[in-house]
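Asks: Kindly generate the complete structure, drawing on both the sequences and the hints.
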Amino acid sequence: MKLHEYQSKRIFAQYGVPIPRGDVATTPVQARQIAARLGKRVVIKSQVLVGGRGKAGGIRLADHPDEAERVADQILGMNIKGLTVKKVLVDEAADISKEIYLGIVIDRARRRPVMMASAEGGIEIEEVARATPERIIRLEIDPFLGLQAYQGRELAYGIGLSKDLVRDFAKIAQGLYQAFVQSDASLAEINPLVVTGDGKLLAVDGKMLLDDNGLFRHFELAEMRDADEETAEEQEARRHGLSYVKLDGEIGCMVNGAGLAMATMDIIKLHGGEPANFLDIGGGAQADKVAAALRIILSDPNVKGVLFNIFGGITRCDEVARGIREALAEVPTTVPMVARLVGTNEEEGRQILAEAKMITAATLSEAAQNAVAAARGEL
Amino acid sequence: MSILVNKDTRLLVQGITGREGEFHTRQMQEYGTNVVAGVTPGKGGGWVSGIPVFDTVHEAVDVTEANASIIYVPARFAAEAVLEAADAGIKLVVCITEGIPVLDMIRVRAYLDCRDTRLIGPNCPGIITPGEAKVGIMPGHIHTPGPVGVVSRSGTLTYEVVHALTEKGVGQSTAIGIGGDPIIGTDFIDVLRLFEGDPQTRQVVLIGEIGGTDEQRAAEYIAQHMSKPVTAFIAGQTAPPGKRMGHAGAIIEGGEGTAAEKIAAFEAVGVRVAKHPGEIASLVTEFV
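Order-wise, the sequence lines are chains A and B. When we follow this note's numbering, the leftmost residue of the first sequence carries the number 1, and every step to the right adds one. When we follow this note's numbering, the leftmost residue of the second sequence carries the number 1001, and every step to the right adds one.
Hints should not be assumed to be uniformly reliable.
[To be verified] Below are the DSSO-like pairs computed for lysine-lysine, each with C-alpha atoms no more than 30 Å apart in a straight line:
hint : chain 1 : residue 1 : chain 2 : residue 2
1    : B       : 1043      : B       : 1007
2    : B       : 1275      : A       : 304
3    : B       : 1243      : A       : 86
4    : B       : 1275      : A       : 81
5    : A       : 87        : B       : 1243
To be clear, the hints were calculated from the coordinates, so they are not data collected in a lab.
Replies: Okay, structure coming up:
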């Protein structure tokens, strides 16, 4: 789950990371009031869950409350990479003399959280990693000991921070680590962490990704989810316990198991088609879940054919077939469908689908070829 | 021979009184696995499918001498269940549970690294040595004893491949699902090392997917240490970056973990990579 900048920074602040004064506005008038209250030059920042807000014109300065209202009016409602801006953060503009990067990610190969710092702040860290990897300092964090102050100092010296800021920097690093751990985050990033004109450290931008699997113990964080993070179909799928990702192709697919679902997408491509989605119905799916899955697939207007690939183990082929039949009764469609059912109760399943006049196939390869041909109207 | 589980496996089921735990306990018994104990805190003294239930793993091990454990408990309790099994001295723990928080698994793995316990999973189908023991949720009947070791990050995709092998008359020494999470207890290299040392295993099938760099490290290991042929398949060539494809670990992040780079890593060290799952069985039969 992604958090907005303002949400991330508020969490950081709870752990002692200094952030600019500011507040969130959903209307231009609110933006004006916040700017008036701050009584200084402000920066108005669109809150959308994509990168590149600045380049898209979604981050702008305003010198006085009137201008803040005007700018907020322009930014609110703006479309940034397909997302509509519904909120802006109005922050006191910082007097920036230096920009630093500080972040924590989970390093899968090392199986540890890793903290990274760089003197090249303000640009994407992936960019720095590509162009000047030697400018990034990394250190592993022991999951039992947590981030030690000396590690924070090592990072500070490593990026050439002036000596009088080292202690504050180490405190911020430890605060960021606490925010990361206490929120079950998979990423926590301050970019940039700025050195202000009067020589203080300030987190002017923040980003957090949370581990969905950890949300059960963070009710207050789970509440922060922005519905715009997912498409309507993805939300619907999540409600039914389905794993669904929309893609741009024309062949919808419904599969049990994530690995098999990916392999099914791949084989569609191998035979000249493009998958319209990833969809895993999970293990032991019942008919109603299958029906919901089919409705979601068919709600995509690009879909010209549907491929069912079910390997029955715990999941019973006849149960899936009944679900497909049930869904077809509810959602009449002319989209051609190809089914390949193997494993537990495959005979019963095939019989049910044959009655529904569905194209069947014995192997995955054959099923994919049929689906591609059917989508082109060649079958 | 085989790896990790066999006729001598004395299995303990953690979460045996739950719906999943009870169902799969019966399935494993039907396959011939020697299930000796179950654990559910608060349900000690009861019985499930003829198996005594204990309150703690320590007690279950003391009484039944269980030497392996399988975990079906819900995600919020599963990490702790692994620790309890390790603390009771169990040498092999298989965790089926999906949805354990990553930071929990980091701590569990760090703890296990200092102990003599091997964890398989989490978020995996388990492990089976055909004809001897099934410690997992895979359909047992599709397997048959033979010379091919199978290791995979996936569940049903593995069944698909095993089924095709069996249909071609090619049996398996042991088939093991290592799990679809970003942090797991046993990785490809661990299993490759075990297969290399197992006399029954004459070749290996490795099924990977997008996300992380475990396959790339496996390729390096194969180049340096494996004498047995390996056939690979990587799922997710059409997966878009930044999207989690069902498994928590199946995600291309920061441009890293694509199927293309994994396939290239294998091909660079002479591992044959199947274009689709159906091709794996035919590639394997060339070596039999």
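Asks: State the violated hints by number, sorted upward, taking the hints as numbered earlier in the document.
Replies: Violated hint: only 4; rest satisfied.
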